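The primary structure of each chain is shown beneath.
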Amino acid sequence: DAKTTQPTSMDCAEGRAANLPCNHSTISGNEYVYWYRQIHSQGPQYIIHGLKNNETNEMASLIITEDRKSSTLILPHATLRDTAVYYCIVRTYQGGSEKLVFGKGTKLTVNP
Amino acid sequence: GAVVSQHPSWVICKSGTSVKIECRSLDFQATTMFWYRQFPKQSLMLMATSNEGSKATYEQGVEKDKFLINHASLTLSTLTVTSAHPEDSSFYICSARDARGWEKGYTFGSGTRLTVV
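Protein sequence lines correspond, in order, to chains A and B.
Going by the working numbering, the first sequence runs without a break in its numbering and finishes at 112.
Going by the working numbering, the second sequence runs without a break in its numbering and finishes at 117.
With the rest of the complex left out, here is chain A (with noise of 0.2 Å):
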């Protein structure tokens, strides 16, 4: 089962920021949290990713609280190509094995 829960929906305008929460409060120490969005019919798309400290990239912003039970991802200008379901997912491990398990994620809309 996904770590992680995510508003079904947000809205956002153009040029705008756009901020996309995630909780994750069972979170384990050594567990990483991946960023990705999918854009209709095609592959999820890499954006971020983090342990504890803050990160940024060119595509985006991730903030993480102290606690780690929670984060932000932040896309500074959205565009209405932004427009996409956004995962938050926890890396977990089980049986040995690595997993990135996705959630229902946030479907992401930003209006002209």
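Careful: at least some of the hints might be erroneous.
[Unchecked claim] In silico negatives: residues of chain B with every beta carbon more than 12 Å from chain A: (1) 12; (2) 20; (3) 27; (4) 59; (5) 70; (6) 76.
[Unchecked claim] Partial selection, computed: residues in chain B whose CB lies under 8 Å from chain A: (7) 19; (8) 31; (9) 39; (10) 43; (11) 46; (12) 49; (13) 57; (14) 89; (15) 93; (16) 105; (17) 107; (18) 108; (19) 109.
[Said to hold, decoys possible] Taking lysine-lysine pairs in the DSSO-like style, the calculated list, with each CA pair at most 27 Å apart, reads: (20) 41/B / 66/B; (21) 99/A / 41/B; (22) 69/A / 99/A; (23) 104/A / 64/B; (24) 20/B / 99/A; (25) 64/B / 3/A; (26) 14/B / 66/B; (27) 99/A / 55/B.
Hints were generated in silico from the structure; no laboratory data involved.
Just so you know, these numbers come straight off a predicted model, no measurement behind them.
We put the CB at the ideal spot given by N, CA and C, even for glycine.
Fit chain B to the known structure of chain A by using the hints.
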């Protein structure tokens, strides 16, 4: 950046036949590959994890004899749907992790839409 090629992108087959889907890491070696299935308007469901040179590990409820996974090299994994039926129609997606370490992330293929008629 890392690229995973998945082929075919779509396939239509008759009920009772088998279909093979290929997943290749083009510019990196992948010791671990993952296979997912996605039904319309649903999230990705992990089917199995394959490690190069060993048997795949299947998730609970996934029939290993129906969904045959082979990971014979560090750049290729295949999923064969045997004796396909209409209920197997779905979007199948593979993912690969760079052998140099999980810090490199997981790269997904573009998916294969299977329609069984």
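Hints and how they fare:
1. 12: holds (16 Å)
2. 20: holds (18 Å)
3. 27: holds (15 Å)
4. 59: Contrary to the label, residue 59/B does not stay out of reach of chain A, its closest Cβ about 9 Å off (not over 12 Å).
5. 70: holds (17 Å)
6. 76: Residue 76/B is indeed farther than 12 Å from all Cβ atoms of chain A, at 17 Å.
7. 19: Violated - the Cβ of residue 19/B stays beyond 8 Å from chain A, reaching only about 18 Å at its closest.
8. 31: Status violated, d = 11 Å.
9. 39: violated (13 Å)
10. 43: holds (5 Å)
11. 46: Holds: closest Cβ of chain A sits about 6 Å from residue 46/B, inside 8 Å.
12. 49: holds (5 Å)
13. 57: Since the shortest Cβ distance to chain A is 5 Å, the answer is holds.
14. 89: violated (14 Å)
15. 93: holds (5 Å)
16. 105: With a closest approach of 5 Å, the residue 105/B hint holds.
17. 107: holds (7 Å)
18. 108: This interface hint holds because 4 Å falls under the 8 Å limit.
19. 109: holds (5 Å)
20. 41/B / 66/B: Status holds; Cα separation ~24 Å.
21. 99/A / 41/B: With a Cα-Cα distance of about 22 Å, the restraint between residue 99/A and residue 41/B holds, given a limit of 27 Å.
22. 69/A / 99/A: holds (19 Å)
23. 104/A / 64/B: holds (25 Å)
24. 20/B / 99/A: holds (23 Å)
25. 64/B / 3/A: Holds, because 25 Å separates the two Cα atoms, which is no more than 27 Å.
26. 14/B / 66/B: holds (16 Å)
27. 99/A / 55/B: holds (16 Å)
Figure legend: structure checked against the earlier numbered hints; hints not met, in rising order: 4, 7, 8, 9 and 14.
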